[in-house]
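Engineer: Input sequences plus hints: build the corresponding full structure.
Residue numbers (this note's numbering), protein chains in the order written: chain A, 1 to 600; chain B, 1001 to 1385.
Hints in this document: simulated from the structure, not taken from any laboratory.
Be careful, since some hints might not be right.
As the list claims (entries may be wrong) - So the derived label-pair ranges between C-beta atoms look like this: (1) B/Ser-1032 / A/Thr-48: 54 to 60 Å; (2) A/Asp-237 / B/Lys-1052: 55 to 61 Å; (3) A/Lys-6 / B/Ala-1346: 34 to 40 Å; (4) B/Lys-1357 / A/Pro-481: 43 to 49 Å; (5) A/Gln-126 / B/Thr-1026: 52 to 58 Å.
Every residue, glycine too, gets a C-beta built ideally from N, C-alpha and C.
Now for the letters of each chain:
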Amino acid sequence: MNILQKLRRGQDGIVVGGIHEPILQSIVDFDYLAGKKRPSIRAIVTGTRTAYKLFFGPSEVLIPCFSSIESIPASLRLDIAWFLSLESGRRACDSVTHFFEQVPHALGAHIFAENVPEVHATKLLQRFLKTYSIFGPSGVGFLVSGFLKLGAIGGVSLEQIHRSHITEKGSIAVCSTSGGMTNELIHAVSDSGRRVSFAACVGGDRFPVFSLTDAFTLAESDPNTDAVVYFGELGGDDEYEIITLIEEKRFTKPLVAYIAGVIDEAFEEHVQFGHAKALVRKNDESARAKRSALRDAGVHAPDTFSGFLKAIDELSVPRGNGKMKKKEMSTSRQKTILTTRKITGIGALPKLVSGKKITSHGGTLFVPALLEALLGRPPKSNVTVAYTDAVFRLLIDHGGHVSGAVNTMITARAGRDMATSLSAGLLTIGSRFGGAVNAAAGAWLSGVSRNISSADFVSEWGKRREPIPGIGHKKYRLGIPDPRVLALMEFKNVLKKHPHSDFAQSIEKITVRKKGTLILNIDGAISALFLDILSEKEGLTNAELQTLVRAEFFNAFFILPRSVGFVAHFLEQKKNDEGLFRLPDELLHETDTSSHSRIV
Amino acid sequence: MARVKVSEYRAKRLLLGDSYTGVSVTKDTQFSVPQKGRYVVKVDQGIKKRFKQKLVVINIPASEIRKHIRAWSKKGFTRFLVEEYVEHSPQSEQYLSFDRIRTGVRVLFSTKGGIDIEESSASVQSFDIRGSEDSAYVSKKTLIPEQFVRTILSAFDAYHLAFLEINPLVVIGSKVWALDAALLVDDAGEQLVHGAWSEADYTESKKKHRREATVAELDKTTPASLKLTILNPHGSLFFLLSGGGGSITIGDHAVSKKAGSLIANYGEYSGGPTREETYLYAREIIGLMLSSKSKKRALVIAGGIANFTDVSTTFSGIIDALTERASDLAKANVKVFVRRGGPREAEGLLQMKQFLKHHRILGSISGSAARITDAVEKAIAYVTV
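Structural biologist: Spelled out as structure tokens, the structure:
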């Protein structure tokens, strides 16, 4: 069974060495458009992170990253058949060798780097030529339409993959020494109404491991391939391998070839062109000599590129009926920039109060000890303990979007430790984020102790042009109440009096009439109920409550539980380390300094 | 990436070590050799057929060395080699070369060495070996002492050598003299040979144009590929091409249209250069074009359908370079002809079209729907009308 048959039976798992974002994304785009159930990239070997995010169709997937081939779990290794080396030329040979030693059941590899030393390439050749298909060094890799895109081959943008129809099975094989011309030929085939069966870029290096002999033998043995189109260049004598194959009847399918390089004749002496091999050393290595040798062997090898395109068009290979069944995919996708997990769910809030009784018996050891530490004496009431317990539970996390969590995650991704990352998150807490619990407590306390009417209270804040702390929400509004606030408000049922909560709710009644989102929010509810519980169940006087407000006591009930959430986000970053964070260009609005430095 | 010729001096130092007594000199080098000896002096700049060009003198006394070096220096040569003259008969001259091939090393050997090896190719034996483990076999077939063969073949892998030609080679008993040696190294191995050879040893048989040298320097600083070779500074067709294969195909089209003599330069950028790198590359070609005395000039910005080189990014760099000289280009009546495909093709082409139109230098513009030869074809028509 050859590699094409094995591939078409599903052996498409790729492990990538190194990262080249557009190439990786294009491989996964190809997979999605070809109708695969999962990305062919199974793992990435890189030292800088533990996961890499790519789009698979409209949604994102995390590809696991490992620091070495050895650290890829055995179960995952079994699923890998290909290695894509995007590493430097000096490292490529070692890492490919290492890959095959570790994953001996694999089928092949592609080396993207251009400057692989000849000694390295010939070592790979001597060791692996007979066992594995190694595309390169240099070039753009190997493509089997609908099954495998191993490298940049066929383009890296969605538009290119769409236009070149490489996700559809075809009948013409493309072979080229040049990466760019591989793509040009793929387009020429699809523009002629046919599709590519497979495309092999042997690369422009002097010693391609997967040789022209390998490519043409593969084409001959592939029942799906009816003909081959080939692009070669001056320099080297590899094309004579094709002639040998034809003479020995080991290649019998129609072949159209273009050998580039008559421009060399315009120079006084032979020129080293772009590719390492593209230098004529002997007469039989010139483009003209190779064209005529191919023609002598019966190959259609035109002298001009337009003649070559015409010959492709005239190949007696049937054309498709033009009806394309293609998966559509939106090209405007916004990549997410951070990854974390849902730390707590607020969907299933426990019933905190049943009738006039708290459901929680307050039997934890931690919360009473914590309250004792904060109040300076043990709590007197189970209600205080149960309430604190409930607040803590609600405030552990509110998703990865909020400033503190974002700061924690960015710091973690900068490689910093837990204490540093947590601190970065905590430093965000203030009047705009999280710190409103204490401010709201101050507001309610002042309103109730002065016995001011809610209308006057609202206009007081209005005159100061300041938002009332504890009021307002981005998402919830009148008619869509915050379930957390509803759950907490049930604590009113276990209290005889609840002046602060009543006051807060009376404020809400006024503000929602101005704007539906100006509801009593979680900070406002927590602080109002806390004031009621502390005065009724703990016997604190108004003056004592004032002192607590001044000391910022109430913010502790945000900072303490939220520290747990920040630590959880921190741990998540360390688990799926995506490397140093950088804001994508399109998410940053950069203005010219000159545009806002107008000084009159 | 490519095979590069190093100086004969470096070649012999590598292969013979401290036992090699030759001296590498420039015009101003102070050196002393025993006054009694007889010497060979040659230009050591990788030039082929030095004998025919009279760039070698043999069997001269020490007192004449300076005279020859001065004369060659006046002709612009800069690097010379002084060696002891080895007395031998022309019949004892042999030919030996090693060439790295897929399976190991190809050895060519002839007992008829000297300067006419190409004419006596019938006498050349060719055989392929794996490497230094086959030294004894090579020695048996050529009668060259095994130690000498082994030294060379060990150096071949250790120093990333690609091709070595010793012609003539003289063997007298157990002693071997490499009278003339040409060595190509694999430049991808430079970082791996620990200074055994370096870029300073590369020879240039042809003096580089200032702009070629600038591009070569730039090429070293990027993983992308940037190449420039000047054919005719006063040509009419200036190539700003992309892709190793695509650039040759486009150049071929000019040759096949009998416009080869109009080509000013060959070159290509590929491998995803940044906007800044493309800008620095493009400005050299634009500068070259503006100093051409040709009355009708066209700039061909063309290439295949890129796999991963971003068209918009690279075109932004080219536009940066064109912007600097936009009025000069319009004044010189230069027209720009474009064909390019690849990632962000539509954006790149649109930017370029708007720019060229605005500055009235638009010749034609097309994308991957047009043939790769579209731009060069129209450019030839423009400059030959």
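Engineer: Now, for every hint given, state plainly whether the structure supports it.
Structural biologist: Against the structure, the hints come out as follows:
1. B/Ser-1032 / A/Thr-48: 54 to 60 Å: 57 Å, holds
2. A/Asp-237 / B/Lys-1052: 55 to 61 Å: 27 Å, violated
3. A/Lys-6 / B/Ala-1346: 34 to 40 Å: 38 Å, holds
4. B/Lys-1357 / A/Pro-481: 43 to 49 Å: The hint (43 to 49 Å, Cβ to Cβ) is violated, given that B/Lys-1357 and A/Pro-481 are roughly 59 Å apart.
5. A/Gln-126 / B/Thr-1026: 52 to 58 Å: The hint (52 to 58 Å, Cβ to Cβ) is violated, given that A/Gln-126 and B/Thr-1026 are roughly 42 Å apart.
Checked against the numbered hints given earlier, the structure breaks hints 2, 4, 5 and satisfies all the rest.
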